[in-house]
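Chemist: These protein sequence lines map, in sequence, to chains A and B.
The numbering of the first sequence is my numbering, which starts it at 256 and goes up by one.
The numbering of the second sequence is my numbering, which starts it at 384 and goes up by one.
Fair warning: there could be bad hints in the mix.
DSSO-like cross-link-like pairs, simulated, lysine-lysine; straight-line CA separation at most 27 angstroms [unchecked claim]: (1) B:K882 to B:K793; (2) B:K882 to B:K865; (3) B:K393 to A:K451; (4) B:K827 to B:K865; (5) B:K400 to A:K407; (6) B:K877 to B:K793; (7) A:K451 to B:K400; (8) A:K451 to A:K407; (9) B:K827 to B:K793.
None of these hints come from the bench; they were simulated from the model.
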Amino acid sequence: MIRLRFRYTKLGKIRFIGHRDLARVWERALRRSELPVASTEGFSPRPKVHFGLALSTGFESLGEYLDVDLTEDADEASIASGPDLAAQVTPLLPEGMDVQMVQHIDRGQSLQAAVAVCSWRIEVGGVSPTVLADRVGTLMSAEVVEMVRTRKERTTEQDIRPSLQLLEVDGPVERVTWDEGSLLFAELRTAPPGLKVAELLELIAPEAVESRVCRTHQWIEGDGARQEPLSLATHPPYAGMRAS
Amino acid sequence: MDSLWPHLEKLLPRVQKPARYIGCEDGAVHPVPEPGQVSWLLVYPDTYEIGLPNQGLQILYEILNENPQAVAERSYAPWTDLDALMRSEGIPLFSVDTHRSAGSFDVVAFNLSAELTYTNLLNCIDLAGIPVRTEHRDGSHPLVLAGGHCTYNPEPLADFLDAVVLGDGEEVVTEITAVIADWRQSDPTGGSRHEVLRALAKVPGVYVPSMYHVAYDGPHLRSVTPRFADIPERVEKRTIADLADWPYPRRQLVPVTEVVHDRLNVEVFRGCTRGCRFCQAGMITRPVRERPADQVRQMIADGLRRTGYDEVALTSLSSADYSGIGEVVSDTVRSSSAGRPVSVALPSLRVDAFTVGVAAEIGRARRTGLTFAPEAGTWRMRQVINKLISDDDLYGAVESAYSQGWRRMKLYFLTGLPTETDEDTLGIAELARQCVALGRKHTKSASVTVSVGGFVPKPFTPFQWFGQNTVAELSRKIGLLKDDLRRSSGVQLKWHDPKATLVEGIVSRGDRRLGVVIEDVWRHGGLFQEWSEHFELGRWMDAMERHGLSPDWYVHRHRTEDEVLPWDHLSAGLHKDFLWQDWRDSLESVGLEDCRWTPCYDCGACTGYGIEHIVASAVPPAGGSQGTGQGIVTAPSPVAVPAAVPVVLGGSGR
Ligand code: SF4
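This is chain A alone, in the form it adopts within the complex:
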C-alpha cells in the first residue's frame, strides 16, 4: 500500500482555522485531486489520513505534515511524482496553504509520536529585546523550572526545564499594531513534561500585546542526529512566508 507524506505551510489568514476545519479542507482538496485515497469503513466513510502534531489555532507554520493512505490497488506508476503532485494539489488548497513537497514513504511510526522537537519563530509585541533577553537568560540558566499544571482536576508541579532546548532573542521586530517588539527563536521538546508556546510566553512575556507564532521546523531524532520528516532541498529561511 502506498502512503504519501505531504509537507505544507499554514500562513497568513488561514492560520485562524482550527484542526477540524483543517481536516475538512484537506478532505475536499484530496477529493478534487482525484488521488485514489483509501477510505475508512462504515456508514460515513472518511479518507484515511493521519495528521501530525496539532498546531494551535492562530499559529502559522512553515512545515506541517499529512500522511495519506492510498487504496490497495493504487498504481504507483500512475501517481504523479513529488514536485508535480505538490504543484497539482496546492491550487486546491486555500491561500496560505502551499504543498512544498510530497513523498512516498514507508508505513512506520506515526508522525505525532516521531516528532521530538519543534522550532518556533515568535514575534513578541510590546516587549523590548533587552527585557526579553534578560528573562530568557534567567530561565535558561535555571536548573529547575517548576510549573503548576492542572490535569484532570489534579494540580501538580512539574519541572519543565528539560523541555526547553533553546531560547534566543534576535533583536527587534516591527508591526503597525505595536510600538516595539522582539523576535524570539525557541526549540521545545515534545516529550513529557512538554511545554506549550502559550505557556512559554506566559512565563517570559505575560504583558505582550500580541504574539505572532510560527512553527518553522519539526524534528525527528535518531542516532544522535536530527532530521525533518520531509526535508526541503534548500531552506530558504521564511521565504515562503507571505505578507498577510
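Got chain A sorted already, so can you dock chain B with the ligand onto it with the hints?
Modeler: What follows is chain B with the ligand alone, placed relative to chain A:
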C-alpha cells in the same frame, strides 16, 4: 481602501471561532474598485455560519462582480465578543473578502430573512460608522439597502433603510447599480442624497420609504402615500420569468470553516403554489419556475467537481414537487464516477410515500433521520391551513420510511393556528404516538421528535388578518402537549419559546412606529435576538411601553377587511381580495388545489405581471394526495359561516 486586517488579526486570537472573520473561501473574489465602479457590501446580519450559505446573497455577489460597473464584497454580523473588541479599538465593520471598512463602500445591502435579526441590522449600520437613521446620513455615507423575504413589510425598518428591494434581485441589482453610477458621476462629492433616492424610487421593485408620507387615524393607519407625483403609489415586486436564464451561483462559495448547509446547493425551482395559507414564502415567490433538468444536472456535475463536496442539496420550497425529481436524484446518486459516493439532500420533504421512495434512493448510507412537516395534527386543521395531507398519506409515508430502515423521524408542527381547538393541538400528540406505533412494527428503537413552533401571521398571506395567540395561550397549548406526551415512550417534544414568537409577531406586521422600539432594544444591548442566550422579552416590552405602543394591538387583535395594512402600498402580485377570499375559505375548511396542475385562480402573481408557471410535468407527481384535490372540500361547506362574523379563531386563553 486600506485593509483593516493588521488591526483585526491582533484581536482574533482573543475571540471565539476566529475563522468566521477571515474569508478565504474558494470562490471568493478580491476586487479592487476602479473609478466609476459602484462598490457593494452585501451583509447578512447574523453570524458567518448562518449567513455564508445564503444563496440569495451569493447569487447577487456573482452577478454584481460580473457587472463591469460594479464590485461586491461580503460581511456578516460579528459575534458579541469581537463586537466589543472592535468598539474598544475603534475598528469598523469590515468585508471578509479584502477586509476593507464597510463605510468605504457605495452601498451596504442587507439580506433580511428573519425578523429577529433587525437589531443586528442596526448594529451593523452603526458599526460601519453610518448614522442608523436615514435622515442623519449625507452624501459621504453609503446607501443602506435591504432585500429578502422580510422586506415585504419593511415599515418597521423604514427609519433605517434608504431603499428596499421587493422580490427577485437578479435583474434589479444591475438597474440600481446604473442609477448609483450615474449619481456618482454627476455629483462626485455626493452632496445630495435626495436625487439618487428619488431616482431609485422609480426603479420597478425598489421602495424608498422616505419618499412616502404616512398618515394615522388614532392608532390606525390611514394611508401611506408618495410625497411626489413621480413616485409610484404602489411598488410591485420583481420576478424573473425564467430561472434557466440565471444559472447561479456558478461558483458557490466553499468556506474554510464549518457553516450550516455545508454542501453544494442547487436551486431546482423557485416559487410554490401548494397554497399553504400560513406560508409567506409560498405566497410571495409565485409562480413556480422550474430550472430545466439538464441545467440542474450540469450545475450538480460542475459544482461537485469544483468544490470537492460529497453532498448536494436540491433546494426549493418543496423539492419533491420538481418534475422528474426521481430521475435527477438517481442520476446524481449513480454519477459517483470518480469512485466517490455522492449523497443528495432534499430539504423540505413532502409527506407521502413517493417522497420516501426518493429519499430511500438517496439515503442508502445515511439512513439516520427523516424530517416531515405535517404542520397540524388533525385533517380538519390541515384543511384550514390548506396543507392538504390526508392521514392515510401521512401514515403511509411514515410506515414506508420505517420499513425501509429509518429509525428516527422529526415532525414539524405549528400551534396557535386559526380555529385551532385543544382537540387539534392534542392531535399532534396522537399523531406522534401513531407514528411511533407504526415504527415499532419494524424496529424496537423507533422514535419521533416533535418540534412545535408558535404561529406568526405574515403579510401577504391569507392569515394576515388573524390575531396571533398570546404567550399565555401558546404556553398553555405547549403545556397540554407536554402533559399528554409525558408517558408516551419514543416521542420527544421540542418547542420554540413563545416569547420570541411574540416579538416576531410584533415586528412582522408592525408599522413605522416600531422603528423607535427596534432602535431602543438595540441601544439597550439587544443583539442576536434569535439566539436564545441573548433574547430577552423584557427589553422589547419595556421599549413598547416607553413609546406608548401596545403589543396586543399589534399582535393579538384580529384585523378587519377594511383595515389599511402597513404593506398595502407594496405588492407581491397577490390581489388583496384573493387573499381575503382564501382567508374566509380557510375558516370554512375549504381547500384550494395547486394551480400548477389545475386552472388558475387569478391570484395575481402571474396574471398581474404577464408571466406564467414553468413546470415540465403537466401532472402532479404520483403517490401523494397533496395538491391533487383528493378528498378536499372545494365548495363552501353546507353550514355556511356568515362572512365578517367572528368565527372561533382559536385562543381560549385570551
Ligand atoms: S396567477 Fe394563477 S397560475 Fe399564477 S400563481 Fe396565481 S393562481 Fe397560480
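Chemist: Would you mind marking each hint as holding or not holding in the structure?
Modeler: Tested hints:
1. Taking the CA atoms of K882 of chain B and K793 of chain B, the gap is near 23 angstroms; set against the 27 angstroms cutoff, the hint holds.
2. Straight-line distance between C-alpha atoms of K882 of chain B and K865 of chain B comes to about 18 angstroms, which keeps the hinted pair within the 27 angstroms bound.
3. Pair hint K393 of chain B plus K451 of chain A holds up; C-alpha atoms about 20 angstroms apart against a cutoff of 27 angstroms.
4. Among the hinted pairs, K827 of chain B with K865 of chain B is consistent with the structure: their alpha-carbon atoms are about 23 angstroms apart, no more than 27 angstroms.
5. For the suggested pair K400 of chain B and K407 of chain A, the alpha carbons sit about 25 angstroms apart, so the restraint of at most 27 angstroms is met.
6. Of the pairs offered as hints, the one joining K877 of chain B and K793 of chain B holds, with about 10 angstroms between alpha carbons and a cut-off of 27 angstroms not exceeded.
7. Our distance criterion of 27 angstroms between C-alpha atoms is met by K451 of chain A and K400 of chain B, whose separation comes to about 21 angstroms.
8. Taking the CA atoms of K451 of chain A and K407 of chain A, the gap is near 18 angstroms; set against the 27 angstroms cutoff, the hint holds.
9. Straight-line distance between C-alpha atoms of K827 of chain B and K793 of chain B comes to about 17 angstroms, which keeps the hinted pair within the 27 angstroms bound.
The structure fails none of the hints (numbered hints given earlier).
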